[in-house]
Amino acid sequence: QKEVEQNSGPLSVPEGAIASLNCTYSDRGSQSFFWYRQYSGKSPELIMSIYSNGDKEDGRFTAQLNKASQYVSLLIRDSQPSDSATYLCALTTTGNQFYFGTGTSLTVIP
Amino acid sequence: SQTIHQWPATLVQPVGSPLSLECTVEGTSNPNLYWYRQAAGRGLQLLFYSVGIGQISSEVPQNLSASRPQDRQFILSSKKLLLSDSGFYLCAWGQGHGYTFGSGTRLTVV
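Chain order of the listed sequences is A and B.
Sequential numbering from 1064 applies to the first sequence in the numbering used here.
Sequential numbering from 12 applies to the second sequence in the numbering used here.
Please note that the accuracy of each hint is not assured.
[Claimed, not checked] From the structure, some residues in chain A lie toward chain B, with a derived Cβ separation under 10 Å: (1) S1083; (2) T1087; (3) S1089; (4) R1091; (5) F1097; (6) Y1099; (7) G1104; (8) E1108; (9) F1124; (10) L1151; (11) T1157; (12) G1164; (13) G1166; (14) T1170; (15) P1173.
[As the list claims (entries may be wrong)] Residues of chain A placed beyond 12 Å of chain B at every Cβ, according to the derived structure: (16) V1067; (17) Q1101; (18) L1128; (19) A1131; (20) Y1134; (21) A1153.
[Said to hold, decoys possible] Below, a sample of chain B positions facing chain A; criterion: calculated Cβ distance under 8 Å: (22) W18; (23) A20; (24) A51; (25) L58; (26) G105; (27) Q106; (28) F112; (29) G113; (30) T119.
Since the hints were derived computationally from the structure, they do not count as laboratory data.
All of these numbers come straight from a predicted model, not from anything done at the bench.
Glycine included, C-beta positions come from ideal geometry on N, C-alpha and C.
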């Protein structure tokens, strides 16, 4: 079982809608969780980090963490065409190893 | 603030030729440094990481090598490139609160 699992997509949403990206993980002791955005041909950019259960909001982005269910999600409100990118979930395990998911491709349709 | 520099941005090399990619970090000391490769449409593959000068750990057997001659310098090398070495190479640094990536090198082996 992979440490981090993401649906590769592609996920398509209309402009202005809420995009929901999900990620599950296997190491129950994982402590730190991150979402990266990667535009085509560019390097990943850290957009959110979350360390405790619940929601964390930053502008149009909300990260949600549920350690009991071992999933972390990213919600993007009022999606814009500029949000079209691949979103990578990442985490740090109990062994202090850093793992990335394979990413979910998001397309926001104008 | 911390910055990470990576060069060159693009590289086209013939099979069997040598390779040297360089990465430097500014604004921090003794960073953990990483080399990742991302094949087209694939996830991030950790190649090497270093926790200090001269300390290199390899994650995947391959014809690549890494060196860390200075605290904030990380070099990825190959004596003879293979076609399968083509990909997007990313240097990153991190201290447990998420990684910061360089801009990447797009390597095409022909």
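Okay, the hints, checked on the actual structure:
1. With a cut of 10 Å, the hint placing S1083(A) at the interface with chain B is violated, because the nearest CB-to-CB distance is about 21 Å.
2. Of the supplied interface hints, the one on T1087(A) is violated, with its beta-carbon coming no nearer than about 15 Å to a beta-carbon of chain B, more than 10 Å.
3. For the restraint placing S1089(A) at the interface with chain B, the shortest Cβ-Cβ distance is roughly 16 Å, beyond the 10 Å limit, so the hint is violated.
4. Because the closest C-beta pair between R1091(A) and chain B is about 19 Å apart, greater than 10 Å, the hint is violated.
5. A least Cβ separation of about 5 Å between F1097(A) and chain B falls short of the 10 Å threshold, and the interface hint therefore holds.
6. About 8 Å separates the beta-carbon of Y1099(A) from the nearest beta-carbon of chain B, less than 10 Å, and the hint is met.
7. At its closest, the beta carbon of G1104(A) sits 8 Å from a beta carbon of chain B; the interface hint therefore holds under the 10 Å criterion.
8. Against a cut-off of 10 Å between C-beta atoms, the interface hint on E1108(A) holds, since the closest Cβ of chain B lies about 7 Å away.
9. The beta carbon of F1124(A) is not positioned within 10 Å of any beta carbon in chain B (closest approach about 14 Å), and the interface hint is therefore violated.
10. Satisfaction of the interface hint for L1151(A) is found here, the shortest Cβ-Cβ separation to chain B being roughly 7 Å, below the 10 Å cut-off.
11. Residue-level restraint check for T1157(A) is violated (minimum Cβ-Cβ distance to chain B is 13 Å; threshold 10 Å).
12. For G1164(A), the shortest C-beta to C-beta distance to chain B is roughly 7 Å, which falls under 10 Å, so the interface hint holds.
13. The beta carbon of G1166(A) is positioned within 10 Å of a beta carbon in chain B (closest approach about 6 Å), and the interface hint is therefore held.
14. A cut of 10 Å between beta carbons decides the hint on T1170(A): the least distance to chain B is about 15 Å, and the hint is violated.
15. This hint is violated: P1173(A) has a C-beta 24 Å from the nearest C-beta of chain B, more than the 10 Å allowed.
16. Remark: the non-interface label on V1067(A) conflicts with the geometry, its nearest Cβ contact in chain B lying 9 Å away (cut-off 12 Å).
17. Interface exclusion of Q1101(A) from chain B breaks down, the closest Cβ pair being 9 Å apart, not more than 12 Å.
18. Distance check on L1128(A): its Cβ is at least 14 Å (rounded) from any Cβ of chain B, clearing the 12 Å threshold; non-interface status holds.
19. Remark: the non-interface label on A1131(A) is consistent with the geometry, its nearest Cβ contact in chain B lying 23 Å away (cut-off 12 Å).
20. Annotated as non-interface, Y1134(A) keeps its C-beta farther than 12 Å from every C-beta of chain B; the closest such distance is 18 Å.
21. The beta carbon of A1153(A) sits about 7 Å from the closest Cβ of chain B, which is not more than 12 Å, so the claim that it is off the interface is violated.
22. The interface hint given for W18(B) is violated, since its Cβ lies 13 Å from the closest Cβ of chain A, which is over the 8 Å cut-off.
23. Against a cut-off of 8 Å between C-beta atoms, the interface hint on A20(B) is violated, since the closest Cβ of chain A lies about 10 Å away.
24. Taking 8 Å as the C-beta cut-off, the interface hint given for A51(B) is violated, the closest approach to chain A being about 11 Å.
25. Below 8 Å, beta-carbon pairs count as interface contacts, and L58(B) has none with chain A, the closest being about 13 Å; its hint is therefore violated.
26. The interface hint given for G105(B) is met, as the beta carbon of that residue sits about 7 Å from the closest beta carbon of chain A, less than 8 Å.
27. The criterion of a C-beta within 8 Å of any C-beta in chain A is not met by Q106(B), whose closest approach is roughly 11 Å, and the hint is violated.
28. Evaluation of the F112(B) hint against chain A yields a held restraint, the C-beta minimum of about 4 Å falling below 8 Å.
29. With a least beta-carbon distance of about 6 Å to chain A, the hint placing G113(B) at the interface is held under the 8 Å criterion.
30. Restraint check, T119(B) versus chain A: the minimum CB separation of about 13 Å is more than 8 Å; hint violated.
Of the numbered hints stated above, those contradicted by the structure are hints 1, 2, 3, 4, 9, 11, 14, 15, 16, 17, 21, 22, 23, 24, 25, 27, 30, listed in ascending order.
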